Amino acid sequence: MSEVIGNMTTVTSQEKGAFIRDEKGLILPTVENFYRFCAEGKLMAVKCNHCGAVICPPRSICPKCFGNDSEWVELKGRGKLLTYTIIHFPPSQFQALAPYAVGILRLNEGTQLPGMIKNVKLGDLRIGMDLLVDFEATLPKEWPKWPRYFFKPAS
Amino acid sequence: MGISKFGVREGLYTRELFAEAAREAFDRCPNLNPKRDVQGLFVGMMSESYEHQAHVAPLFLDWIGLLPIPAFRTEGACASSSVALRVALFSIASGMYDVVLVGGVEKMTHLSTTGVTEILAMASDFPFEQWHGISFPGIFGMMAVDHMHRYGTTEEQLAKVAVKNHEHGVLNPKAHFQKRIRVEDVLSSTPVAWPLKLYDCCPRSDGAACLVITSPKVARKFTDTPVDIVGSGQAQDTLGLFERDNFSGMKVTRLAAQQAYKMANVKPEDIDVAEVHDCFTIAEIMAYEDLGFCGPGEGGKLIDEGVTQLGGKIPVNTSGGLKAKGHPVGATGAAQACEIYLQLTNQADRRQVSGAEVGLTENVGGSASTGVVHIYRRGD
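As you go down the protein sequences, you meet chains A and B in turn. With positions in the first sequence counted from 1, the corresponding number in this note's numbering is that position plus 10. With positions in the second sequence counted from 1, the corresponding number in this note's numbering is that position plus 236.
There could be a bad hint or two in this list.
Stated by the list, open to error - BS3-like mimics (lysine-lysine), calculated; alpha carbons at most 27 Å apart, straight line: (1) K487/B with K453/B; (2) K74/A with K487/B; (3) K90/A with K34/A; (4) K52/A with K151/A; (5) K162/A with K151/A; (6) K90/A with K453/B.
Said to hold, decoys possible - If the Cβ cut is set under 8 Å, some of the chain A residues that face chain B in the computed set are: (7) I96; (8) P101; (9) Y110; (10) V112; (11) G125; (12) L149; (13) W153; (14) W156; (15) R158.
If you are wondering where the hints come from, they were derived from the structure by calculation, not from laboratory data. Every value quoted in this text rests on a predicted model; they were computed, and no experiment measured them. The beta carbon of each residue, even a glycine, is placed where N, CA and C say it ideally should be.
Isolated chain A (complex conformation) (with noise of 0.2 Å):
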């Protein structure tokens, strides 16, 4: 399993205030937080303190068991392609990029995302392929700063 880094007293000075906190200074299971920690190279689920279920997007509720007390885990960002489609007729900001595959990933640590898969032909596209995350180098300027993860082959 991956690194648990939930534990506060490993976060550094400098990462401080880069979060969104509770009042006791723990990073919240929040989607804001996901992409803060996207914007470090980082992929983040939370882990349920209960039951061992690895969410993402991280939540305060466990949506397997209904706990409320979870750590964040580090993800390997590998996985396999669940199911995909290609994108033709695109929301008007990714105009430019069309045609492009999207898909749903299923990490090996037992959570699923969605995604854009890039460096990869379109026919080359199959169900079961091995993906792996990567982030944008951008950053978005206004609201929603989110940083881009996207997938691509393994190999």
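Assemble the complex: chain A is given as a structure, and chain B must be docked to it using the hints.
Chain B alone, transformed into the frame defined by chain A:
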């Protein structure tokens, strides 16, 4: 019931479209004095963004001349007005009201396809789906790829759904399209989200639908041909498709159908006619399976065998469905109920299912994050 003409209704906005549907509902119900009898309005509409208009419940109430009774707006994406119908049923079942109006409306065609695509996409998960360029057709495209991979469903089978619903639409003067298409037309149409092509997708449409719902004890005061709503079910699932265990079916439809069948004490084989949510052709194939018209993975075979076309054992989407009748999203649930009313009261003209006694509607919102099923029986 009343239903506006669906399609491109240039220069008419939701308030006028809704009034058009309500006017027909009043006209069809001559013993109803709307000012005196109607106690509440329940209306479904998906988005304020199309017309830059929120707070529509009082607006529509005003435009149908019924101020100041209470009006309620529900939002469940493409299932908005089926949710309105359920809330209206609660109001009747609680004993609070005896006569209410239920309706739905959307105005979409004044915007570009891109503009509509972006507003529709708001019903998917913003930080994880929209943010990564996943459109609504993209979500159903991913379901279709999974269904094809798992069960061997083909693009031809998907195309046959569109061909059938266009065939039915020709028989519905209020449908957006009255035009036959062939399987080849679907297969050669522009790709939207592979394997879904333009003719696998419902159009953007303008339209409204409206129903008068009463308690059983007063129904006969207003009509000689009542239809009883005998089953109602609803379920929710994750907003994001990606969080689910299975992309080849709609859990909300299965759960809502179980509730509705149980309440109505009927089985799938008792259904004479159904309106299902064919926003994309794959959604109708999955609806067959999730409603129990066939087993899991057998939806493609069902369309091949012609079971769901007019003249088949369970005609589905005799109105033309979302595909040919059109899909002004907020209006769809109410419009499905209107079609079943016409069928069960023998008023469906050239598309009449002979002797239909039990009908069903299935309406889903978003990536099937909301699912609503109703079952109807011809009144005795």
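In rising order, the numbers of the hints this structure does not comply with = 1, 3, 6, 12 and 13
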